[in-house]
Structure formats: C-alpha cells, structure tokens
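**Q** Here's the letter readout for the chains.
2 protein chains.
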Amino acid sequence: MSRRNSPSPPPAKRAKRTMDGPSNFENPNGNHNALPPLSLSILGVEPLDEFIKEIADFIHHMIMTRPNMPGQVEVEAKIGVLRDLSGSRLSLPVLVETILVPDTIECRFESNMSMHQHKHYNNLLNNLMNTSHQSNRPSPPLEYNHLHLIDTFYPVEGQRQKVRVTREEQSGKVQECMKKIRLGDLNIYSPKRAADWRVSVNLEVPVPHPVGSASLTRRKDRLSYSHEEYKIDLTQVTSTTSPNAPPQVIHELEIEIARSELLLSTAAVRGDPNVSEQERSAFDELIRAFVNNARILVRNSNDGWQ
Amino acid sequence: MSRRNSPSPPPAKRAKRTMDGPSNFENPNGNHNALPPLSLSILGVEPLDEFIKEIADFIHHMIMTRPNMPGQVEVEAKIGVLRDLSGSRLSLPVLVETILVPDTIECRFESNMSMHQHKHYNNLLNNLMNTSHQSNRPSPPLEYNHLHLIDTFYPVEGQRQKVRVTREEQSGKVQECMKKIRLGDLNIYSPKRAADWRVSVNLEVPVPHPVGSASLTRRKDRLSYSHEEYKIDLTQVTSTTSPNAPPQVIHELEIEIARSELLLSTAAVRGDPNVSEQERSAFDELIRAFVNNARILVRNSNDGWQ
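One line per chain: the protein sequences are S and W, in this order.
Mapped onto my numbering, the consecutive letters of the first sequence carry residue numbers 1 to 306.
Mapped onto my numbering, the consecutive letters of the second sequence carry residue numbers 1 to 306.
Check the hints yourself; a few may be wrong.
Computed, partial: chain W to chain S, Cβ under 10 Å [unchecked claim]:
# : residue
1 : Phe51
2 : Lys119
3 : Ser213
4 : Ala214
5 : Ser215
I should point out that these hints are in silico values taken from the structure, not numbers from a laboratory.
Ideal Cβ placement from N, Cα and C applies to all residues, glycine included.
Hey, can you work out the whole structure from these sequences and the hints?
**A** The following block contains the structure:
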C-alpha cells in the first residue's frame, strides 16, 4: 500500500500519539457511570436539526416567491391522518417521523379526529393553561378565547378560490372577507404516533364583500389558545351545503403563527449578514418553536385516530 | 351544537379571557424582529428527539436480549451508501434523514467510499484534531493512533461465523482472537447528503487461536481518532482471498463506542428509578453524542459517493 493512498496522520501533535482519549475518564473505583458530562459531539455542539431546517426552508421559499398581491401569509400545521387511496392510514417502511416529498405518494390528509380525541386535547390544553398561570413559571402563560364563528363561502366566476366571509355568530358582525390562495403544503408522516400532520402556507387576500348567494356555510365552535407567537385552535366545524342536506361535523386541531407581519419581516432578513445575529436567526427561531409545538401536539395524541 | 359535544373552555382563569398573548410582545417602534426570546415550546422545552430515542431503544434492546456468553458488545455506525437491487443509491419519497424498518426494503449497505472521499475525511478529522488541541477549547481534545493491522479469518466447521485473528503488522503480535456475532442493524437513509449510514450491534466473543488455514486475509491501514467515549476509524482495507486473486481495496469510515463495559453498565440502569438521575440517563446521553457524531460525519460528506 503506497503512502500516497493510505490515510495520512495529522501533521502536528505527534508527541501525543500514544495517548488514549477514553482512558482519561477511567474511574479507579470502577463506577463507570460516574463520568464527567459528555460533550454533545466532536464539534462540541448539537448538529443542525435537518427536519426543522427543511420546514423553515420550505416556508421561507413559499413566502419569498408568493404572488405579488397584498395579503396576510398564514402558516399553519394541522393535526390529522394521512390516508392512502384505500382509506387506510398511510404506511411507509420508516420507523420515525419524516417529511414526504410532495406529489410522489398518492395520499390525502384528513384534518379530522374523533370527539373523544378532541376532548382529550381540550383537557390537555386546559391543564397546560392552568399550570402556566402558576406564579412560579418563567415563561409567559397560555391564554384563550372561546369563539363562535360562521363562515359563508361564495363562488367567484372564473376562479378556483371561493370568497370566505367570516362573521361572529352572536352579533353577525363581519370579521373577515377574503380569498385564500394555497401556496404549498408539506405532509409529515409520523409512524410512532396516532396522528400525522401537515404544514400549509397560504396567502389570505382581503376582498370586497361578494354579492350573490353562498354555496356553503360552516359553523365554527372554537377554543383558541395563544402562547407567545402561536395560536392553537381546537375547533368543532359543522358544514352545511344545502338546507336539506344533513350537516357534516368534523373536529380540527391546528397551530398557526399568529402574526403575518412578523413572519414577513423575519423572513426578509433571514441569514442577512447586515443585520444582528438575533434578527438574522429570528425566522428560524420562530419556525423552531412552531415545529416543536406541532410535535408536542402530535406526540400527545392518544389512540383515537386510526 | 350541544354544549356537551363542543370544546369546553378551561374551568378557571375566565377573567383573563380577553387577554391576547401575542400582543404582549408588540414593539411600539414597529421593529418586529426585536422580540424577547421565544420559549422553546408551549411546554418550555424541546420535545424529545424521536430519532435518537429510536436508536437508543434499538441498541438497548439488542444489549439486553443478547446471547448469554462472555464477550464485548460493539456498537458502531458505518458511513456508506444504501443501494437497491439495481446497484443505484436507494431512493425513497422522503425529504429528510430517517430510519428504515428492518427487512422491508430490498437494499444492501455498502461500507465503502472513493479514495478522494476518504482523503476529504482525513483532512477534516486532522483539522478538527489540531483545532481541538488549541488551549482555549473547553472540551477534551481529539487524539489519534495510526495502526497497521492484519486480520486473518478461519472458517469453523458447522458455524456461520468465522474466527478472526488480528495481528499488529510490524511485530506480528496477536491483538485479538474472536468470533463476531451480529445482533442487529438499523439502516439510516439520508436523502439530503451524499452518504447514508448503518448502526450495528455485535457481540465479540473471545476464542482460542484456531488451527487450520485462513480463508481470507485483510490488511488494515487505519487512522483511529478518539474523543471522549468514541473512536472514529478511517481505514483503507485490502482484502486477499487467494495468492492469485487480485486484492480488493475499500475505504471505510466508522464511529464506535469505545468501551463495552460502559455500554453494558449504563444500559443495565437505563431509566432505573433507584439510581441517580445522572446514572439513569447515562445510556441515553452516550447514544445521543454517538448519533450526533455520526450525523456530523454524514453531513460533512462531499459528493464523492453516488
């Protein structure tokens, strides 16, 4: 074996060649568990979380390439189940949570759960909120709003997107009148849990109140929890397509980033060397906690789904 | 919608109902990037790393259910490429690193790389070692040994495993004489990188020196780097099956946990409520840094593989 082809030793520190790293940590008492704390890695740091980076890159790309029209960017994660063409839960030969390549697997995402499951999350979030209000907690508490909303949808000639008008149920006051443009989705398959999830990026464009008659009405009974920059919505949705058709009831859980302007301003300076380290990484930090929160919701799913 | 079926508000803290969490962080200057640091999640902590936990569970299971015979447990991660039946690199419809379900996908793991790739890792590890010896670094430095070893393999009648005798090339001194029993492997598919990896757990059982003639000889030119509880081996392996056959040369990179006794002692008390928190979690900490190190190696692969 020629010297040229074989691995070459480092150029310096040859005097240390006979030292044996691990032997520095031998404990003469034979208690091998009582070690000094290990470094996180040979570099002393955790490697980048590839999963969170992938989601941040995707959301960033959707934001930076969005259609040039005024509107709010909505980033949300829905908790539900990925189903194959037969209606069964998707099954892939992987052991842990992973992100699917878009448009390669024939499946649909079902944003729905059993009432039992919904109740389970309701209890979890209520307990978490009550605990978060205890005075010795360092992080800000969760808050909530109980909302009763009515969405009506109006078809627009020549366009795929319907116009959605949202009213407060009791007062009838119009809260929002907009067209939602889907920018992109990522499906996350989570074989160890009872639920999968989907990250969606949408553009919500305000429009004038439509004329004509609505094609669909949706009644939303929503508990909206908020924590820092995130909203977690637990919603019972009752849809009616016509006065004679039986209403459809579904139970949804989603988390979204509360402020579009924060998303846009942090995305604009992501990685920018001309701003402070804190500003440059603010977008990735925003997405990190978003993904962490979605994961915590998914991992607390019980077995009410499949 | 009956009250019973709709999500119920938390039982307490109703007075806070109109508070809006996110508004606490509004900045009157309109600089939306200058926020107080976000919590890691609604729970204030990072969720468990499912990937690392899966690998730790697997290794723990292999250790606790191993055959009852004296020997060293070897836990290693090899860096290489997963190939399908056609010989191409495996391709699955996922975007990020994931662990494959054993025995569901027809593929083989190739523990080999180009000489160019090997040289790249040699440089990386040498640079890292030199940097680690600078006096201002808080973590212990990397060390290394340059080894020249000869393995000879002896078939044993009626057994699948061959006996391996390892000698120092120069002195001819026998270093090890053992039978390696494969306990299990996990393949890790890493679509964003030039390399995949495989975690293997083996039992190395010492045996008497065999008689008869060797069926295979393997010459190993190895740079063995060590850091805390890990060894990273960069090896050029030249195999010869008969005096007339041309020798086969492969280039390997693997990381292993240096001390079997530490693996066994920490595995034995994993999660045990009767020992200290530090001892109880020592096994998982050992695997965490092992996985972190393997990931760092994979992520520093250049494009010399596919």
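**Q** Confirm or reject each hint.
**A** These are the hints, each one checked on the structure:
The interface hint given for Phe51 of chain W holds, since its Cβ lies 5 Å from the closest Cβ of chain S, which is under the 10 Å cut-off. At a threshold of 10 Å, the smallest CB-CB gap from Lys119 of chain W to chain S is about 8 Å, leaving the interface hint in force. Because the closest C-beta pair between Ser213 of chain W and chain S is about 24 Å apart, greater than 10 Å, the hint is violated. A cut of 10 Å between beta carbons decides the hint on Ala214 of chain W: the least distance to chain S is about 19 Å, and the hint is violated.
Evaluation of the Ser215 of chain W hint against chain S yields a violated restraint, the C-beta minimum of about 22 Å exceeding 10 Å.
Hint check: violations occur at hints 3, 4, 5; the rest are consistent with the structure.
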